[in-house]
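Per numbering that gives the first Met the number 0, the sequence shown starts with residue 0, numbered consecutively.
If you're looking for bench data, these hints aren't it; they were derived computationally from the structure. C-beta: ideal position from N, C-alpha, C; glycine also. Careful, some of the hints might be misleading.
Restraint ranges, calculated between C-beta atoms of paired labels, are given here [unchecked claim]: (1) R78 - V50: 24 to 34 Å; (2) Q105 - V55: 11 to 21 Å; (3) K36 - I111: 22 to 32 Å; (4) K36 - V72: 27 to 37 Å; (5) S7 - I33: 26 to 36 Å; (6) R10 - Q105: 17 to 27 Å; (7) E98 - S75: 17 to 27 Å; (8) I57 - D9: 40 to 50 Å; (9) I101 - Q28: 46 to 56 Å; (10) H11 - E98: 52 to 62 Å; (11) I57 - Q28: 36 to 46 Å.
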Amino acid sequence: MQMLKFESLDRHNKLSEELKSFSITAQGQLIKYIKEKLSSTKLLVTRPISVTIDKVQIQSAEHSMKKEKLILVIESLIRSLNKTNLSQLQGLKSKRKDELLIILQQVRDLAIGNEIN
């Protein structure tokens, strides 16, 4: 565990014992929380952070798409992939919309990977 420094940035002021104790306790709780989250078997739904305005607009449009339209977009991208990647993308109609959005991003990543190779 990293040792905490208990002084101000200008090194003229020292922190109180209560604040030192709180800081140590908080750091321990934070480490415990992070370890619990990382060891959790439940998958967290995440969304990529867009870097450009164009990406934000595309993602916004995708989030407003109906499930059927998402499936069509995914299936059209799947056709551009090689056959080894297709087996993991079966049963799209049974997926929820949030799952389809994640799959769409994964398929896009695979398609970009194919273009590079």
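Hint by hint, here is what the structure shows:
1. Distance hint check: the CB atoms of R78 and V50 are about 27 Å apart, consistent with the given range 24 to 34 Å.
2. Range check, Q105 to V55: about 19 Å between beta-carbon atoms, so the 11 to 21 Å window is met.
3. Remark: the range hint 22 to 32 Å for K36 to I111 is upheld by a beta-carbon distance near 29 Å.
4. Hint check: K36 to V72, Cβ distance near 32 Å, so the stated range 27 to 37 Å holds.
5. With their beta carbons about 27 Å apart, S7 and I33 fall inside the hinted range of 26 to 36 Å.
6. In this structure the hint that R10 and Q105 lie 17 to 27 Å apart at CB is violated, the actual value being about 49 Å.
7. With their beta carbons about 18 Å apart, E98 and S75 fall inside the hinted range of 17 to 27 Å.
8. Checked against the hint of 40 to 50 Å, the pair I57 and D9 passes, with Cβ atoms roughly 47 Å apart.
9. The hinted range of 46 to 56 Å is not satisfied by I101 and Q28, whose Cβ atoms lie roughly 30 Å apart.
10. Look at H11 against E98: about 55 Å separates their beta carbons, and that is inside 52 to 62 Å.
11. The supplied range of 36 to 46 Å is met by I57 and Q28, whose beta-carbon atoms lie about 39 Å from each other.
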